[in-house]
Amino acid sequence: MAASDRRPRYGLLLISVLACLFAAAPIVWGVLTALKPAAEVVSYPPNLMPSRFTLESFRQVWSDSNFPTYFRNSLLVTGIATLTSLVVAVHAAYGLARFDFTGKTSLMLGLLATSMIPGIAILVPLYNLSIHTGLYNTFTGLVIVYTAWNIPLLVWLLKGFFESVPVELEEAAMIDGCSRMRAFYTIVLPMARPGMLAGAIMAMMFVWNDFLIGFTLAVTEDKRLIPYGLYSFISNIGVDWGQLMAATVISLVPVVIAFLLLQKWLVQGLMAGAVKG
Amino acid sequence: MSGLADSPSVQIVPADEGAARAPVRRRRRWPPTLRFDPMATLFIAPAIVIVFLVSIYPVFDAAVLSLHRTAYAQKVAFVGLDNFVALFSARGFWNSAVNALIFTTGSLVLVVPLSLGLALLLDRNVPFRSVTRTVVVLPWVMSQTVVALLWAWLLNGDFGPLTFLAEQMLGHRPAFLSDPTSAMASLVVVNVWASYPQATLLLLAAVQTIPQELYESAEVDGAGWRARLVHITLPMIKPTFLVVLIQLTLLYFNMVTLIYTLTGGGPLGGTETLAVGVMKTSFEDWNLGRGAALGLIITAVNLLISLVYVKTLRPAGK
Numbered sequence: 001m002a003a004s005d006r007r008p009r010y011g012l013l014l015i016s017v018l019a020c021l022f023a024a025a026p027i028v029w030g031v032l033t034a035l036k037p038a039a040e041v042v043s044y045p046p047n048l049m050p051s052r053f054t055l056e057s058f059r060q061v062w063s064d065s066n067f068p069t070y071f072r073n074s075l076l077v078t079g080i081a082t083l084t085s086l087v088v089a090v091h092a093a094y095g096l097a098r099f100d101f102t103g104k105t106s107l108m109l110g111l112l113a114t115s116m117i118p119g120i121a122i123l124v125p126l127y128n129l130s131i132h133t134g135l136y137n138t139f140t141g142l143v144i145v146y147t148a149w150n151i152p153l154l155v156w157l158l159k160g161f162f163e164s165v166p167v168e169l170e171e172a173a174m175i176d177g178c179s180r181m182r183a184f185y186t187i188v189l190p191m192a193r194p195g196m197l198a199g200a201i202m203a204m205m206f207v208w209n210d211f212l213i214g215f216t217l218a219v220t221e222d223k224r225l226i227p228y229g230l231y232s233f234i235s236n237i238g239v240d241w242g243q244l245m246a247a248t249v250i251s252l253v254p255v256v257i258a259f260l261l262l263q264k265w266l267v268q269g270l271m272a273g274a275v276k277g
Numbered sequence: 001m002s003g004l005a006d007s008p009s010v011q012i013v014p015a016d017e018g019a020a021r022a023p024v025r026r027r028r029r030w031p032p033t034l035r036f037d038p039m040a041t042l043f044i045a046p047a048i049v050i051v052f053l054v055s056i057y058p059v060f061d062a063a064v065l066s067l068h069r070t071a072y073a074q075k076v077a078f079v080g081l082d083n084f085v086a087l088f089s090a091r092g093f094w095n096s097a098v099n100a101l102i103f104t105t106g107s108l109v110l111v112v113p114l115s116l117g118l119a120l121l122l123d124r125n126v127p128f129r130s131v132t133r134t135v136v137v138l139p140w141v142m143s144q145t146v147v148a149l150l151w152a153w154l155l156n157g158d159f160g161p162l163t164f165l166a167e168q169m170l171g172h173r174p175a176f177l178s179d180p181t182s183a184m185a186s187l188v189v190v191n192v193w194a195s196y197p198q199a200t201l202l203l204l205a206a207v208q209t210i211p212q213e214l215y216e217s218a219e220v221d222g223a224g225w226r227a228r229l230v231h232i233t234l235p236m237i238k239p240t241f242l243v244v245l246i247q248l249t250l251l252y253f254n255m256v257t258l259i260y261t262l263t264g265g266g267p268l269g270g271t272e273t274l275a276v277g278v279m280k281t282s283f284e285d286w287n288l289g290r291g292a293a294l295g296l297i298i299t300a301v302n303l304l305i306s307l308v309y310v311k312t313l314r315p316a317g318k
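Residue numbers (our numbering), protein chains in the order written: chain R, 1 to 277; chain U, 1 to 318.
Heads up, some of the hints might be wrong.
[What the hints assert, rightly or not] Below are the DSS-like pairs computed for lysine-lysine, each with C-alpha atoms no more than 30 Å apart in a straight line:
id: 1; chain 1: U; residue 1: K280; chain 2: U; residue 2: K75
id: 2; chain 1: R; residue 1: K223; chain 2: U; residue 2: K75
id: 3; chain 1: U; residue 1: K311; chain 2: U; residue 2: K238
id: 4; chain 1: U; residue 1: K238; chain 2: R; residue 2: K223
id: 5; chain 1: R; residue 1: K104; chain 2: U; residue 2: K280
Hints are computed from structural coordinates only; laboratory data are not their basis. Owing to the predicted nature of the structure, the values given are computational and were not obtained by experimental measurement.
Just chain U, same shape as in the assembly (with noise of 0.2 Å):
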């Protein structure tokens, strides 16, 4: 695709500049050809203004923001590194780290066989196969906050229909989200239910790439089904595999409006995130300075979490 605009032959150039240009297949040549090209600025300007002063600006002002005390929106006084140690030095923060991690992996071993095992049925000749696709990826539609109010009632302690069928099954009744404990493991079913269509697309895209002959062949061989996922699909799918284990770990860990809006971190801070911290200590107990210092490292962890996926997925050749 992006061969037809690179080749020569149908590049257009506007006429002043075509004798300059360079030719296209050149390695790096020293000192550099520099290209400019007054319209194409003018299409893409726009966009990278806009982009910079609200996603990247933004960074550099909470780093700023990070180093200063604050009183609501105004720093106060430049205190280096100080809440950056106040964070790490205070207990809050390695719970809200314990949370994010248990959130994130208990999600994450739910949803990836969850996903794969719904893709590869998506995938067969199952009747009313189009009616189930399209019902099986309705969560994915719903806001987390949606998300968080449906689920709120269906747990709720006093009318929810869970809390009745728990309570037939245990013989008392459950409170849901009213214990730290199974607040978090009620906040992952929840989180399970409201992402595992995008996983479930993405896996069944890549299932359906897989060519027939190549199960043809190895049923041929004797091998079974198993046989089959392993060595066939397993291994075929294992680009998107990783792309959707990091989109997915990159959520969870970031997500803040579904906890807020279903637990708001507690109860007892049970359920209180890295992230949902963010919005607690800049919101609720109005410190920026920490606030910003709070996202300048999930930003530190989120590259991290990157640069595992760019390493792992390097030798896949994609």
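Chain R with its partners taken away, still in its complex shape (with noise of 0.2 Å):
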């Protein structure tokens, strides 16, 4: 902050400690847990570290539940959306990005306002609307609407990217003979890369970890997602936590690994819109 911030605050140091405390000892505490023989997950009072480093755990629940179904529910649902997000998206940024035509701020201010309608208030309806449709209990109901909820954020995210590529290229390319279209996929999308991946990496994250789309419409053990399979492990009954924590450890390895990718663009993201559920 102000000049004499160059030097270092050794005493910052302690607060910067205990605030990574904060955030990752629960997190911590569930690697070890799913780390630790099955007895002494179970053994009161709790000791942080195990007597020895085992990943039993990880096998049981790997072999013995249905967690790898889940796992490959997952992997496809939001490969699939994230993909049909883009493509929807990248296309209607695009297109209000370098066209001018009436009511073009209303209709992107509209797209917004829909970012706004809580989840949960269309929850029911959606439901409804999957069993009159025949889309209740099946991948593409699932895609539809994760593909429906993330567009709003990635138009408006991709919109700005596509404005920072200069419209002369497009401008000489088409002076050339190049069509609109082939302007469009030879030129501009290869410039606006990184919004694509940081705009890929959002819809991802946010597809995996959603629990309410997937626990209304997907629910048969063998179309069910992640976070409503952790849920139904732990509201059975004689629940195994050293499992549930190796389970729990296998789901957010793809969401660190994007986190880490996205870091860069994370605020940008988190300002152009709202989180739903």
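Using the hints, put the two chains back together into the complex; each one sits in its own frame.
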């Protein structure tokens, strides 16, 4: 802040350490639980460190439960939904960034406004609609809803990226006989790649982490996604906390990787839209 | 940025339409010139269609549903406003409203100062700052389900480490999640842990845009750190601060997953908020009509909060 701030303050270091401890302790406890032998998970008073590290809980949750099915379902739905969200949003964002037409501003504000409709408020009608359209308990239904919920944020994010691509590049290409579509796909899209990556990671994290839609629209064991899967573990009688923590840790791997890739873009994305659910 | 696409010199216009195009700087004219671009429609239509079908149409469907008595997914009879009347006259509704208020304000009161403090901390030249930044925002990647599971284990009445620590300090074993009052308190703490990173990141971004010169000249004038905070930092981040405040308020008021997966609204309805009420009414009692009605009430409250947001932000010039 002030000029005298250029030398580090070691008093603040203590506060930093406490803040890190607050943030990390619950995660560390979960990871250590997953690595404990089963008998030590349920000891009281609890011990922080296991007497020996073991992957037994991981092995059990992967071979003796439905977790691999949930994991595969989540991978599939997240992958497809991210792809469709991106394809639809990229075109809309370009259309809004480069064309001028009546009602454009209202359209964009309207799009943003839909992201303010609370997910919980339209959960019941979505359930109702999915029953009547035959999309209940299908991956297609999940992908459609996730795509729609991702679009407003992605469009706003990507529109900014397209606006920063100089329009002269497309003009030059089009003067040289390139069609509008070709100019878009071969010149503009590659230049907006960082924005697309950031958008894709955000969409991915949203779908991977969402509980509500999966819980409402995909109910049978073979269609369940990870969050509902984890929840069904805990609501079972006689929950095995070692295995539950192992499953939790596995489910965190993709989002933690995404987070480390995304860090740079995080704030922009948060500014661009509210988070549903 | 947006000036680029709007400025006439760089605007790409399909050849047949260019001549008919109105000048860019036009005020409202009557009759209005409708400008329509088939190519733009091609680009934008898919997004509009899917958003309309999934986010807008359901609001109308909810309105229709809320006026009917339902049996599972079928409308049985038109009942007018009966669902709303039944909601407002049920004691559970007001209990949930009070819980939503406690949960929302309780979380705000803790998260806002915490994240502001952390943002100011991370802005300063602290050793290992980049490591701290990464670790401190780590809870942000956790889904609400995962947060609920991690904390359910920390607070577990038989083997939880927090139960153990509290027992050492209090002399008796606490029941964090099995008493309505302490369940709500625990829930708020868990929610603080889950949601402060988002606020911290936004506030940090705002704090970093404040020019150093302001602080330097204030220091020359003899302003202490408190004066600098009150007269420079806070006024400079006011717009972001309001955005954060509204984002958090809506997040907390609409929060379902964390509460539903950690306490299920219990014990004895002690943590059931309005949003959780939608889940229980719709998918536990299977009263879809009433669930839809409750959802609409929640939407109305959201609009109200957003309205306050717009009104408050306008004078700030953003």
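Here is how each hint holds up against the structure:
Between U:K280 and U:K75 the alpha-carbon distance is near 19 Å, which keeps this suggested pair within the 30 Å criterion. Proposed proximity of R:K223 and U:K75 is supported: the alpha carbons are some 27 Å apart, at most 30 Å. Distance restraint check for U:K311 and U:K238: the Cα-Cα separation of roughly 14 Å lies within the 30 Å cut-off, and the hinted pair is therefore satisfied. Distance restraint check for U:K238 and R:K223: the Cα-Cα separation of roughly 46 Å exceeds the 30 Å cut-off, and the hinted pair is therefore not satisfied.
Between R:K104 and U:K280 the CA atoms are separated by roughly 40 Å; this puts the pair beyond 30 Å, and the hint is violated.
Consistency note: the structure conflicts with the earlier hints numbered 4 and 5.
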